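Peer 1: The chain contents come next:
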Amino acid sequence: LAKTTQPISMDSYEGQEVNITCSHNNIATNDYITWYQQFPSQGPRFIIQGYKTKVTNEVASLFIPADRKSSTLSLPRVSLSDTAVYYCLVGAAKAAGNKLTFGGGTRVLVKP
Amino acid sequence: NAGVTQTPKFQVLKTGQSMTLQCAQDMNHEYMSWYRQDPGMGLRLIHYSVGAGITDQGEVPNGYNVSRSTTEDFPLRLLSAAPSQTSVYFCASSPTYRGSGGANEQFFGPGTRLTVL
Numbered sequence: 020l021a022k023t024t025q026p027i028s029m030d031s032y033e034g035q036e037v038n039i040t041c042s043h044n045n046i047a048t049n050d051y052i053t054w055y056q057q058f059p060s061q062g063p064r065f066i067i068q069g070y071k072t073k074v075t076n077e078v079a080s081l082f083i084p085a086d087r088k089s090s091t092l093s094l095p096r097v098s099l100s101d102t103a104v105y106y107c108l109v110g111a112a113k114a115a116g117n118k119l120t121f122g123g124g125t126r127v128l129v130k131p
Numbered sequence: 013n014a015g016v017t018q019t020p021k022f023q024v025l026k027t028g029q030s031m032t033l034q035c036a037q038d039m040n041h042e043y044m045s046w047y048r049q050d051p052g053m054g055l056r057l058i059h060y061s062v063g064a065g066i067t068d069q070g071e072v073p074n075g076y077n078v079s080r081s082t083t084e085d086f087p088l089r090l091l092s093a094a095p096s097q098t099s100v101y102f103c104a105s106s107p108t109y110r111g112s113g114g115a116n117e118q119f120f121g122p123g124t125r126l127t128v129l
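So the sequences go chain by chain: A and B. Heads up, the first sequence is in the working numbering, so the first residue is 20 and it goes up one at a time. Heads up, the second sequence is in the working numbering, so the first residue is 13 and it goes up one at a time.
Treat the hints as calculated values from the structure; they're not laboratory data. A quick note: this is a predicted structure, and the numbers were derived from the prediction, not measured. Do not rely on the hints blindly, as some may be mistaken.
What the hints assert, rightly or not - Distance condition first, Cα-Cα at most 20 Å in a straight line; then the derived EDC-like pairs of lysine to aspartate or glutamate: (1) A:Lys71 - B:Glu117; (2) A:Lys22 - B:Glu71; (3) A:Lys73 - A:Asp86.
Whole structure, please, built from the sequences with the hints as guidance.
Peer 2: Laid out in structure tokens, this is it:
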């Protein structure tokens, strides 16, 4: 599985947009990029997944440049409840056997 | 659907004791897995199963056993508890992907917080 690098922590304020960039220089052709969110004392929760360009759902957007060596998770207009750890994962269903490898994640703190 | 359930929520063991962490899912998912999360760290895969009767080791399997006799249940057994096994344990499940594409979304349980004295 491709190794990922993301910032350890980020602070933001309510109503701002939060962008978390993940580096994955060794991403393979078949790999997808997946983001999970984890609130304190809870298990991780799937947020979004993409292969290239842009993916948007009701929670977030995922921007992936053409070379796919990085990706950016964008959380629009965050609220206090978005305080969580965000994990970037890279892999493909077949190659990984659906296993996930979690790094340290990015701890996002949203302040009033 | 209850989703993924785990019992107990909290457990304190003494060194050398054994116990079983229970995990069940009612989504008919084929794939199930166990992770541990140490304070301030990401999750590490202990064991996983791609279907009933099939299990395999993950990143940190030592000291743990699993079995998968049914699609619904995937218990994790600690053979002889050690302080290094103090952690939060998460069980997860997902449908097995049969085509190409990204890893299937995994659904996580609420976790079991284990302390070994």
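Peer 1: Decide, hint by hint, whether the structure agrees.
Peer 2: Now for the hints, and whether the structure bears them out:
At roughly 18 Å between alpha-carbon atoms, Lys71 (chain A) and Glu117 (chain B) fall within 20 Å of each other, so this suggested pair holds. Restraint check for Lys22 (chain A) and Glu71 (chain B): satisfied, since their Cα atoms lie roughly 15 Å apart, inside the 20 Å limit. Distance hint between Lys73 (chain A) and Asp86 (chain A) is fulfilled; the C-alpha atoms sit about 13 Å from each other, no more than 20 Å.
Hint violations for this structure: none, all hints satisfied.
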